[in-house]
Structures are given as C-alpha cells and as structure tokens.
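Listed below are the residues making up each chain.
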Amino acid sequence: MIKNIELKLNNISKSFVKIDVDSITQAVSNINMDLTNGEFVSLVGPSGCGKSTILRLISGLIYPTSGSITLNNENIVKPTEKIAMVFQKPTLFPWLTVRDNIGFGMKIKNKIDDIKIDKMIELIGLGDFKYDYPKQLSGGMAQRVALARAIINEPEILLLDEPLGALDAFTRMNMQDEILNMWKKTKCLAIMVTHDIEEAIYMSTKVVVINKNPGRIKRIIDVKLENRDRNSKEFMEYKNEILDLLK
Amino acid sequence: MDNLTKEQLLKIEKKKKNNLEIAFDYLIIFLPYIACLLAVFEYLFIKNKYQNDFMYRYLILLLISISIYTIFIIKSIYLLLVKNDDNSFIKYRNRAPWIVVIYLFLTLFDYLTLKTGILMYPFIPWVNDIINIIIEDYKNLLISTLYSLRLLFLGYAIGVLTGLITGIFCGYSKKIRYWINPILKILGPIPTATWIPLIMIVATSLFGGAVFIISLGVWFSVSVATMTGISNVDISFYEVAKTLGAKDVDLVFKVAIPYAMPNILQGMTQGMSSACISLMIAEMLGVKAGLGWYITWSQSWASYNKMFAAIIIICIVFNLVAKLLDKIKNYLLRWQN
Numbered sequence: 007m008i009k010n011i012e013l014k015l016n017n018i019s020k021s022f023v024k025i026d027v028d029s030i031t032q033a034v035s036n037i038n039m040d041l042t043n044g045e046f047v048s049l050v051g052p053s054g055c056g057k058s059t060i061l062r063l064i065s066g067l068i069y070p071t072s073g074s075i076t077l078n079n080e081n082i083v084k085p086t087e088k089i090a091m092v093f094q095k096p097t098l099f100p101w102l103t104v105r106d107n108i109g110f111g112m113k114i115k116n117k118i119d120d121i122k123i124d125k126m127i128e129l130i131g132l133g134d135f136k137y138d139y140p141k142q143l144s145g146g147m148a149q150r151v152a153l154a155r156a157i158i159n160e161p162e163i164l165l166l167d168e169p170l171g172a173l174d175a176f177t178r179m180n181m182q183d184e185i186l187n188m189w190k191k192t193k194c195l196a197i198m199v200t201h202d203i204e205e206a207i208y209m210s211t212k213v214v215v216i217n218k219n220p221g222r223i224k225r226i227i228d229v230k231l232e233n234r235d236r237n238s239k240e241f242m243e244y245k246n247e248i249l250d251l252l253k
Numbered sequence: 002m003d004n005l006t007k008e009q010l011l012k013i014e015k016k017k018k019n020n021l022e023i024a025f026d027y028l029i030i031f032l033p034y035i036a037c038l039l040a041v042f043e044y045l046f047i048k049n050k051y052q053n054d055f056m057y058r059y060l061i062l063l064l065i066s067i068s069i070y071t072i073f074i075i076k077s078i079y080l081l082l083v084k085n086d087d088n089s090f091i092k093y094r095n096r097a098p099w100i101v102v103i104y105l106f107l108t109l110f111d112y113l114t115l116k117t118g119i120l121m122y123p124f125i126p127w128v129n130d131i132i133n134i135i136i137e138d139y140k141n142l143l144i145s146t147l148y149s150l151r152l153l154f155l156g157y158a159i160g161v162l163t164g165l166i167t168g169i170f171c172g173y174s175k176k177i178r179y180w181i182n183p184i185l186k187i188l189g190p191i192p193t194a195t196w197i198p199l200i201m202i203v204a205t206s207l208f209g210g211a212v213f214i215i216s217l218g219v220w221f222s223v224s225v226a227t228m229t230g231i232s233n234v235d236i237s238f239y240e241v242a243k244t245l246g247a248k249d250v251d252l253v254f255k256v257a258i259p260y261a262m263p264n265i266l267q268g269m270t271q272g273m274s275s276a277c278i279s280l281m282i283a284e285m286l287g288v289k290a291g292l293g294w295y296i297t298w299s300q301s302w303a304s305y306n307k308m309f310a311a312i313i314i315i316c317i318v319f320n321l322v323a324k325l326l327d328k329i330k331n332y333l334l335r336w337q338n
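Chains A and B, in that order, give the protein sequences.
When you number the first sequence by the working numbering, it's gap-free, plus one each residue, and the end is 253.
When you number the second sequence by the working numbering, it's gap-free, plus one each residue, and the end is 338.
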C-alpha cells in the first residue's frame, strides 16, 4: 500500500525563451494546487494552454521559473521513478522486447522481479507478445506497454500526458477502464492531461480547467458521480459546466 | 485457426504453383549437374597445351563442390516433400543459375588457359596449377594468412574501441565535440593509406606502424558513425528513461548506445573495408609478412601462380570476415526486422 503523499504547487510560473524571436512566452502563470494520493486529476483546456507544461514541471523534467513544487515538503529537483510519466506517443525502446521494456526501470536498479513483470504482462493482456519487439505491436498495445512500464515501479504519482490521444475511439474507451483499474489498485495520485472533456469527467475525481495566454487555473471541479454513466443527467451537467468555462 | 504462426499464414496466402512451374523449378535445380559435367568433359577430352601435373586435383575440387551441392539439394527436397517446408528448396532454386554460371566460367577459363593458351601462361595459370601451388606452398600461405588476420584484427579491435569511446564522448558532450570534430573533419577525406610511407619511416616497428594505420581508418569511421547516432537520439527516449529512474550512465549505456547501434554497426562495416584496404597496402609496401607481402614477393619472383593463389585466399578470407560481421550485425539488430 502506498504511503500518504502531498503534492503542492505553490504559485508556479514557467516561461520559455523563443529561439527564433528575441522574446519569451509565458506558458503558465500562478498555478496553485494541493493534491494527495487517491485522487485522479484531469487537466483540460484549449491547445497551448500549458497543460503539458504543468505535467513536465511536476515530473522534474523542467523547472519552474518561479514558485516551487514540493512532494511531501521536498522540492522536486530531478525526475525519479517515484513520479512516472506516460507520454502521448508510447515511446517504447524499439531495441527491447515488450518484457524488457516493462522491466526497464527494474533493470536500471538491478532489481529484476521476473514474476512481477510476468504478472503485469498478463494484466495488460499481452502474454502472447512478451518476446515481441515494439514494431510488431498496434498503437493500443504499445500504449498499454508504456502504461505498464510506468506503473510497475509503483510510482507515488502517475503523470499521463494525453495517453490515449493517438488511439481510436473504441480502444480508447477500453483503455480508460484499464487505466482506472490500475489506478484503483495502486491508489497513487494520477494526473492526466486530456483534450476530451467526457474522458476527463469519466475518469477523474477532480477536473482542473485551465485558461490560455498565459495558462491559469480557471476552476477546479470536484467530480462526485455515483456511477460513471456517460449518458446520465449529472454527467451532462458536469460536461456543460466545463464547456461553459472553456468558452 | 487462431493459433497460426507467421510462417503458416504466409504459406496459406502464397499462390500455388502449377505442375509446369514445379517441373521447371526441378529442372533448374538440376542444371548445375549438367554444367559440372560439361566442365569435367572439357577438362578430360580436349588436348592440353601445357604440361599439367596432378591433373586429378581439379577433378576432385569439382567433385567436392558438386557433392556439397548435392547434400544441400537432397536436404531441401527432403524438407519439401516430407516436412512440406519449401524455404530451402526455393533458396537453392534461386542459387542454381549462379552455380551454373560458375561452372561455365571454370570451363571457359580452363579452355582459355590450359587448353589453348589464349590467356598466356605463366602470367595467367589454370585452376589445377593454382591448386597445385596452394598444396605445395600451403605452409607459407597459412602463415601469411594468420599474419594478415592477426594484423587485421588487432588494428580493427583497437580502431573500434577507440572509435566507440571518441564517438560516445563526442555525441554526448558538446565541449569534447568542439575539440574532436575539426580533427575528424580534416582527417576524414584523406585515405589512411596516404600516411603509410610516413609511418614506415617514423614507426619504431613496422608491425606497430601497420596496426596504427589500420586502426586509424577504423577509428575514423566508427567515431563519425557513433557520434552521428548518439547525437541524433530522440530526446523523448531520454525523458522516458529519466522518469523511469535512469541516471546519466544509464542514459549512455541503456539508451544512447542501443539507439545508435545501427549507426555504430554501419561504421564498423565501413571500418572493416577500410581496414582490409589498409592491411593490403601496408603489407605490400612495408610489412614483411602476410598475404599482401606474399603477393608482391611472388610477383617479384615471377611466380604468378603463387600470386593467384594468394589472391584467391584473400578473396575467401575477406568474404568470410565480412560474412561474420554481417551475422553479428543481424543478431544485434534483430529488433529492426
């Protein structure tokens, strides 16, 4: 079981230098969030509002221009396996088999747990593809492997950067449930960027609506739904509320 | 139906051949026998122009070659008819025309040299004469081959190792690239053989000098290829690895090098061909051992059959080396297919 965690984003701003023109753009500004484990948070907003930037800041791949991000009162200074990330592209290592891709994190620490890897492969239903190379997988299968690779290290935070963006509608709905199941098992803090408002409501406990130029939090909505029925009245109300905010 | 392997599926989807086409395949696969017989008849029944010692040796060579072919053919027909696996049958059916051409070439060559002297002896010896000289002088040839291989692999190994180190550092660090890149750029277009006369004067030992020359060419191509491969690594691979807990060392050995592996192997293949060239030139110009030396030495004694023997051995050895490298490459890059 995962220990309690506290992720705090204190007044985060991030600006980028534009390479071609002599100016800077502010990607996000004044972001404040307090998150804890057991939450599934979705970031929604128009393209270019800095959703992905927030994820990358939390992951430690980039640093805020001002403000601080703390995990259990410690600054996040570099990426660690405690904060796993799944990207829109599966980015599987093409030279490793499915099995070795999933075991990559363990291999690095020299703590390979074969049983755990095999269990994970069974869980994502790719038992027959264990020794195949990523080239032989479909988009959905590859993304499942990427998810398994991130989750097998039992991260405290799981960052999902439009993980289902490149999938067809049917695979997408299946994968939403699979991600939810994995998240329920680990009870980690999941933070997902998505374009799809229904997906956000369906999966999350919290939806963060973000504005553009620069990216600011417009509202944080707690999703309280008994059953996640996409056609229910409450579901529609959440959807309309978010759509209104994004207008 | 769901448990088909890839091979089975391919077989099902392949177009069936009709009887005429099958008969044609069998005809082609048996053509080398006719060509081989032709070579034998030509050798036995046309009058020689020159004296031909141990004339049966050439026949033994033909016999051995056709026997090896027969073994493979029997095996592939067995696989085809009993195991219903046509891969090796198709492979030999596709090779058969070339084998025919080789036998025809041998026949023609024998006619032009031994039988008529149109290609004049001793400048161009016939095959049986070359076989005789190989058997007679096998000790020297063997020692020369081993000397060449020792020089080749020593130089190659040093070149690959230093090239990998340079390439990795240059691909990874901009500071190191700043200092090394110009050197590579200036040295790049100059064939390493250019330095041989200089090295032969400066180097304290000819062997050491030759090793240096061979490794220089290999170092160059491996460095450039590795550097290109590593500096082109897709940044997202680094990011994924970092979020999985990879340290800088892991990024180099578990991400950058595997990613650059196709480039590195490309460079190693290039390096091998440059190493073979340098080896030959070094041996012909200065080193007093090896097949290159054997060629110039026998040429200076006007024993052209020895020269031909050495050339043939070089062809075989270098081809084997290239084949070995290719096997290693296919194994390491199996994820690409």
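Hints were generated in silico from the structure; no laboratory data involved.
It is possible that some hints are incorrect.
Here are the simulated BS3-like cross-link-like pairs (lysine-lysine), alpha carbons at most 30 Å apart as the crow flies [stated by the list, open to error]:
#: 1; chain 1: B; residue 1: K248; chain 2: A; residue 2: K122
#: 2; chain 1: B; residue 1: K15; chain 2: A; residue 2: K136
#: 3; chain 1: B; residue 1: K15; chain 2: A; residue 2: K115
Taking CB as the label site, the calculated pair distances span [claimed, not checked]:
#: 4; chain 1: B; residue 1: Q337; chain 2: A; residue 2: K136; range: 18 to 28 Å
#: 5; chain 1: A; residue 1: F176; chain 2: B; residue 2: R335; range: 27 to 37 Å
#: 6; chain 1: A; residue 1: N36; chain 2: B; residue 2: I184; range: 43 to 53 Å
#: 7; chain 1: A; residue 1: F176; chain 2: B; residue 2: I278; range: 30 to 40 Å
#: 8; chain 1: B; residue 1: D86; chain 2: A; residue 2: K136; range: 35 to 45 Å
#: 9; chain 1: A; residue 1: N219; chain 2: B; residue 2: I177; range: 50 to 60 Å
#: 10; chain 1: A; residue 1: N36; chain 2: B; residue 2: F254; range: 53 to 63 Å
#: 11; chain 1: B; residue 1: P98; chain 2: A; residue 2: N116; range: 16 to 26 Å
#: 12; chain 1: B; residue 1: T195; chain 2: A; residue 2: D134; range: 17 to 27 Å
Quick reminder that beta carbons are idealized off the backbone N, C-alpha and C, glycines included.
Inset, instruction - Against the structure, test the hints numbered earlier, and report the numbers of the ones violated in rising order. - result: 3, 7, 8, 9, 10, 11 and 12
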